[in-house]
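Construct the complete structure from the given sequences, taking the supplied hints into account.
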Amino acid sequence: MIKIAEAFRNKKAFIAYLMAGDPDLKTSAELILTAQEAGADLIEIGIPFSDPIAEGEVIQAASVRALQAGTRLDGVFDMVASIKDKMYVPMVFMTYANPVFVYGYDRFFAKCAEIGICGIIIPDMPFEEQAEAKRPARKHGIEVVTLVAPTSSEGRIRNIAAAAEGFVYVVSSMGVTGVRSDITTDLPAIVSKIKENAKVPVAIGFGISTPEQAEEFSRFADGVIVGSAIVRIIAQHGTKAKPALYKYVSGMKRAL
0 MIKIAEAFRN
10 KKAFIAYLMA
20 GDPDLKTSAE
30 LILTAQEAGA
40 DLIEIGIPFS
50 DPIAEGEVIQ
60 AASVRALQAG
70 TRLDGVFDMV
80 ASIKDKMYVP
90 MVFMTYANPV
100 FVYGYDRFFA
110 KCAEIGICGI
120 IIPDMPFEEQ
130 AEAKRPARKH
140 GIEVVTLVAP
150 TSSEGRIRNI
160 AAAAEGFVYV
170 VSSMGVTGVR
180 SDITTDLPAI
190 VSKIKENAKV
200 PVAIGFGIST
210 PEQAEEFSRF
220 ADGVIVGSAI
230 VRIIAQHGTK
240 AKPALYKYVS
250 GMKRAL
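So the sequence shown is numbered by numbering that gives the first Met the number 0: it starts at 0 and just counts up by one.
Treat the hints as calculated values from the structure; they're not laboratory data. This structure is a prediction, so every number in the text was calculated from the model and none was measured. There may be inaccurate statements among the hints.
What the hints assert, rightly or not - Ranges of calculated distance between the beta carbons of each label pair, as one might list FRET restraints:
| id | residue 1 | residue 2 | range |
| --- | --- | --- | --- |
| 1 | Gly140 | Ser172 | 28 to 36 Å |
| 2 | Ala80 | Glu131 | 21 to 29 Å |
| 3 | Ala243 | Ser172 | 20 to 28 Å |
| 4 | Glu36 | Glu113 | 19 to 27 Å |
| 5 | Ala4 | Phe126 | 16 to 24 Å |
Built from N, CA and C at the ideal position, the CB exists for glycine as well.
Shown next as structure tokens:
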């Protein structure tokens, strides 16, 4: 299994988020491979869910499209398994606590290991409750990525950083996911506090969409994460999104 650390080895990482099943699972598989070919260093795969509380309207709409297209968890597993042998960058799932809990922690993470998923992000699972997921995840070699918010206290940042696995996901600004033209959070200060205590890289997400933002944040962080801007391209082009996605991802990677 390719580990998350490979995404950051000797480079700044561009992390691309795609929603599984949008517009359908066959196209998702093709677009994940396209993002990889265009230079993405790590792929975040969203599992469509009915109550994605961390997501803005762009990713919420993608989740609805995927569910309406018949995407279910076992279908997502099958899709990832179908491309496993073609992937040379790490893949992580971005999902919510309920799908993992209902499927069963041990069963879910065993399946992740089987299909080449090396990490998971669960934004509605508080840091204090992550042991419930970390214990079974660790058994199968899956790393649980933790988020730091702009409102996190210095003590909380220190604790999250010290226990971090994979990378630390810094949320750029308050609110849900979505493109933002102006991000005013003191991100250098937050990243600095994390790096004082963490042994893993730090990546910034939520709101990033332009090469200028990617270049600015990569000066002090180890990577940037883009979701809504990519999902918007797929919403616009559907099954014919490969050329536009390739152009966008390669441009963002060059900016780092």
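Hint check results:
Separation of Gly140 from Ser172 is about 33 Å and conforms to the stated range, judged on CB atoms against 28 to 36 Å. Distance hint for Ala80 and Glu131: a CB-CB separation of about 26 Å, consistent with the stated range 21 to 29 Å. Ala243 and Ser172 have their C-beta atoms about 26 Å apart, which keeps the hinted 20 to 28 Å range intact. Hint check: Glu36 to Glu113, Cβ distance near 24 Å, so the stated range 19 to 27 Å holds.
In this structure the supplied range 16 to 24 Å holds for Ala4 paired with Phe126, their Cβ-Cβ distance being about 21 Å.
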